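4 protein chains.
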Amino acid sequence: MIRLNCDYLEGCHPSILKKLTDTNLEQTPGYGTDHYCAEAADAIRKAFSCPESHVHFLVGGTQANMTVISAALRPYEGVLCADSGHINVHETGAIESTGHKCLALPAKDGRITASQVSVATAMQADDEHTVKPGMVYISMSTETGTVYNLSQLKDLYYTCKQLGLYLFIDGARLGYGLAAPTGDLTAADVAKYCDVFTVGGTKMGALFGEAVVINNPELNVRFRYMIKQKGGMLAKGRLLGIQFSALMENGLYFELGKKAVDQAMRIRTALMEAGFAFHVDSPTNQLFPIFTDDQWEKLEDAFALEFNGRIDEDHVVLRVCTSWCTPDEYVDQFIEMIKGL
Amino acid sequence: MIRLNCDYLEGCHPSILKKLTDTNLEQTPGYGTDHYCAEAADAIRKAFSCPESHVHFLVGGTQANMTVISAALRPYEGVLCADSGHINVHETGAIESTGHKCLALPAKDGRITASQVSVATAMQADDEHTVKPGMVYISMSTETGTVYNLSQLKDLYYTCKQLGLYLFIDGARLGYGLAAPTGDLTAADVAKYCDVFTVGGTKMGALFGEAVVINNPELNVRFRYMIKQKGGMLAKGRLLGIQFSALMENGLYFELGKKAVDQAMRIRTALMEAGFAFHVDSPTNQLFPIFTDDQWEKLEDAFALEFNGRIDEDHVVLRVCTSWCTPDEYVDQFIEMIKGL
Amino acid sequence: MIRLNCDYLEGCHPSILKKLTDTNLEQTPGYGTDHYCAEAADAIRKAFSCPESHVHFLVGGTQANMTVISAALRPYEGVLCADSGHINVHETGAIESTGHKCLALPAKDGRITASQVSVATAMQADDEHTVKPGMVYISMSTETGTVYNLSQLKDLYYTCKQLGLYLFIDGARLGYGLAAPTGDLTAADVAKYCDVFTVGGTKMGALFGEAVVINNPELNVRFRYMIKQKGGMLAKGRLLGIQFSALMENGLYFELGKKAVDQAMRIRTALMEAGFAFHVDSPTNQLFPIFTDDQWEKLEDAFALEFNGRIDEDHVVLRVCTSWCTPDEYVDQFIEMIKGL
Amino acid sequence: MIRLNCDYLEGCHPSILKKLTDTNLEQTPGYGTDHYCAEAADAIRKAFSCPESHVHFLVGGTQANMTVISAALRPYEGVLCADSGHINVHETGAIESTGHKCLALPAKDGRITASQVSVATAMQADDEHTVKPGMVYISMSTETGTVYNLSQLKDLYYTCKQLGLYLFIDGARLGYGLAAPTGDLTAADVAKYCDVFTVGGTKMGALFGEAVVINNPELNVRFRYMIKQKGGMLAKGRLLGIQFSALMENGLYFELGKKAVDQAMRIRTALMEAGFAFHVDSPTNQLFPIFTDDQWEKLEDAFALEFNGRIDEDHVVLRVCTSWCTPDEYVDQFIEMIKGL
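Those sequence lines, one after another, are chains A, B, C and D.
Quick note on numbering: the first sequence equals residues 3 to 343 in our numbering.
Quick note on numbering: the second sequence equals residues 3 to 343 in our numbering.
Quick note on numbering: the third sequence equals residues 3 to 343 in our numbering.
Quick note on numbering: the fourth sequence equals residues 3 to 343 in our numbering.
Think of the hints as simulated: they come from the structure by calculation, not from any bench.
Quick caveat, the model's predicted, so the values are computed rather than measured.
Any given hint could turn out to be false.
Pairs of lysine-lysine, BS3-like flavour, derived with a Cα cap of 25 Å [as the list claims (entries may be wrong)]:
1) C:Lys21 / D:Lys21
2) C:Lys48 / C:Lys194
3) D:Lys20 / C:Lys21
4) C:Lys110 / A:Lys110
5) B:Lys110 / D:Lys110
6) A:Lys21 / B:Lys20
7) D:Lys20 / C:Lys20
8) A:Lys20 / A:Lys48
Make a model of the complete structure from these sequences and hints.
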């Protein structure tokens, strides 16, 4: 059984494991105050061209989202997001558990627009009976594999600035998003056009870990208190520093993103050539082709894929997902299978 | 500089690193539903003689505490604990952030008694203007290195049962606690006389990880929802399964605990022979000797120790901490230093 | 300026003021443990034919909603509701501030259906990454003045029972809802087909006050602790008992509801005769006619009405609201105005 | 049975009832935006010599406390208070339910000192593993009937300013506190030496109501959102405006306070002359004399008093409480009883 159902199926990139092994018995202070974390923070600042930003390392994505959002908002504020956004649908109400409402906007292919943000904020208009928007949350790449391009991101950012909202980019799959062949965003753009973003490690070749990069110093005030309170402060914080150091070395992070997207594009081409339609046509490592139930059954014999929804009585959407370590032969076999369906 | 300031200074036991390396590119399902987690859960149930218990794997201690406690309590309930308890003083209000009050009882050497629990619960006596105790939290070993013995634990447990309270043992340092030469608690006793306990990995030779062992099935209802909501569900959950499998293999966990405590006892003996007093006389891997400021200054040249508090104008309490990997030579050098003070 | 913009413009029904005056210097115990509260609870149980129900008295609607919902739900549970529901749009995130997500369903004329509840619950299907529905919240009458009829309510209730959900009816305008000429629900039906409901006083002739009637004893466990913690326990609780006693006496509550709805129906008829359309055609004390901007301007000279939304460049929806004390002459004058537009 | 067990036994001062009656059918806008609230706010600003302060009206004390405190604090901050403080012991964890820890300091006769605040804040010292103090909460008069004098309050206030803490005075019994014969605080002092205080109505002759007076504009930012979210925004807000207008008229509030304290002092003198000791010797409307169990039994035949605690096997502390409306004959009868014990 070959698994193409998600991008966190294996352990980690060998260079990480090597670095963990090499440093294993070194003694360091705890809680992210070690030199590895300092080095990794520098490397991230450099890779994203944001020399003044503050970098913190957390273990997981839901944890990072709830920590950032609850640090940013006043009790009566909520976070605008796509209705398909991870915080709105796949975190068991983690944001609400910190007291804040997700103000869901109808997404198109996983994205929301500056105009939607403006309208939603205008409708609230200083009415103390409604939740005040305080932040906008977007994902890059989105939950459906799509990306924001530069003009869309700038629009969102300047709209947020004008309206007094923070802009937060959830970069759980940032490396894949930046590798989109149809995209035009650079790493530096991401850092330039938001108040805070995450650089996802878990789905990009680390054992675990999300780097929170805070560009707006307001959000950094006592942020470590927030990390600790929300359960995200790792005792052996260096494990995160070591991993992100390895990922940032010689651009490995971006290279892994590109590799995965290349594999996905090979599959996408094969699917299109074989005449399959897509629920969403995405330019990153997650594809959402439509299959008949019969085809699904056949696919399942050899591949683990993720059921994403039913289109009609006979058709389903499956998620096909490549990752930093999807080998060529898996892709070859899958393409072979597609051709034979 | 030799660090004896805490027990999470290094990476992990080599057997864990080996197992992580050996399994690195295996594909497994996520979120702790893999076979390594299943095996580790079995191993824990076996090691603690609790075949019916439910085992969950979380990343860190604060996270485990807040998840267990908020899963157990109704909104108007609080958790009785030692005033020196970790949840009361060193978790940045994580428990309160989930809406629950820590009902602190004055601890003696880090411990609370069944009688204190009875009195505190009786005083509340169904008065809707006060927080109702719903759970008792104790640490084993405690924050000051002491341990509960069997009769104390049984007293607490039966008192809790009678009063309708859950008993929760925070076992962040459980392996060290069970190795106390003055203690009489077995692993099976721990599981038998509480509703839920944790088996700490972070301080016991894992890279990270706390196993939550739920003996009382009431507490297990949809516990995985709680883990996810509180940010504790690791995508690559197998990392926890692999680590706890390795720790449980051939009793390694208990062996590491004993090794650390043996080292600490060597230091304790040396301190006593040299005439030093202890703020708390503890039988586990944490020692709390009293030094003069002069002595402290000298010690600091060669050793990182943790400042624990000031006794008077000239004296301080320092924490000296051994761990699963403290080498003999560190202990030797420290003893040498002590003799020369 | 005549106000027809809401139903809480005046003080209270004279019989309430008289009873408050008559009893003013009597000494009673506090927090709702007095004999007036006991009598009022009896009167409510009788009026709603629910002799076994528990009755609690709170001050306001948002307070009642947040107390009931947070008492009912486990931390990972949310409440299904109409997207137009009061808890979802007009309580500044009070439900989320207690940690729970409002799971909004697209409403039709303010109502949701049993089928929507089934589908939403089925989609969750025991997936720990999503919020689990734990309760259904409906309003009677709804925020747009419509009502549930008996078959709709029974459908919802039996669906909830089957799915393990609580059904909560927000009766802030219950007296108006029960007086709907097109409705068929009785007071007894309301109590029979839900787990908990409120009997609104504030909008029905009391100075303030919402009675929470708990039919399902599971929800009553330590409910007074919840009231106290959420800030809803009135020191001089008797004020609520006195008011609800007066409202329940000789069916005054229902009579006031009918009077207000009769006045609204007079206005509705006049509007229809004058050719005005309605955004929602409602059978209770809230009407939602559509006017041109010119007409709105003219109306505003003499009447305070509530802006409800804009239909297009030239048309708006206004809320016209009668109440327990709208005098005939106000209605006459408004109808006269309508005829002249 | 004469009740002297608390100060919220009766309805309200007749002038309030008259004003409620006179204005009953007037139509006003809701939620505290009416002219009565504006007038009452002006009257309070005048009475307390704080022309720039913001005044909000809430229904109850627990509600006011939780709203003020959660508006003031960041998620990782807690509130320093006396261990006997109302928020710490008699609000069912309302503060914790908003996510914040009560940092209890050992009180002496209900009071805490500037020095205790300094030490507690210094001990925290920017350590992200502990809750950061963000506010100091004191009660005036305290829960044991004592008062802060001017030098104590100034000490606390200037210490708070120096340490970056807000100072909050819970004035549920402010009128009684200001009438203490041994006290030297004026109304203007209260407003001058804190960031926010409440003027309690419930225990001072209103049906209900607490005015929140915000001196520090930082705390006023979107405070009405906080009121609404926490369930404290009264639809018919004018009821609060009307009551506080009546209480402030011609200094009635302060006169009622003085009257109650005068009655209490008569009882205190009688108790002292009869040789009774006090658990706390308080100069306000709450007295805490010590009786034998036999005496208690006799007292109970004619008077409802509040049990406050047991001193030893034979002695108890009872609370004797006068109020704005305690008639002379009650005091006379009680004194007669005391003489005969």
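Identify every previously stated hint that the structure contradicts and give their numbers, smallest first. Hint check: nothing fails, all pass.
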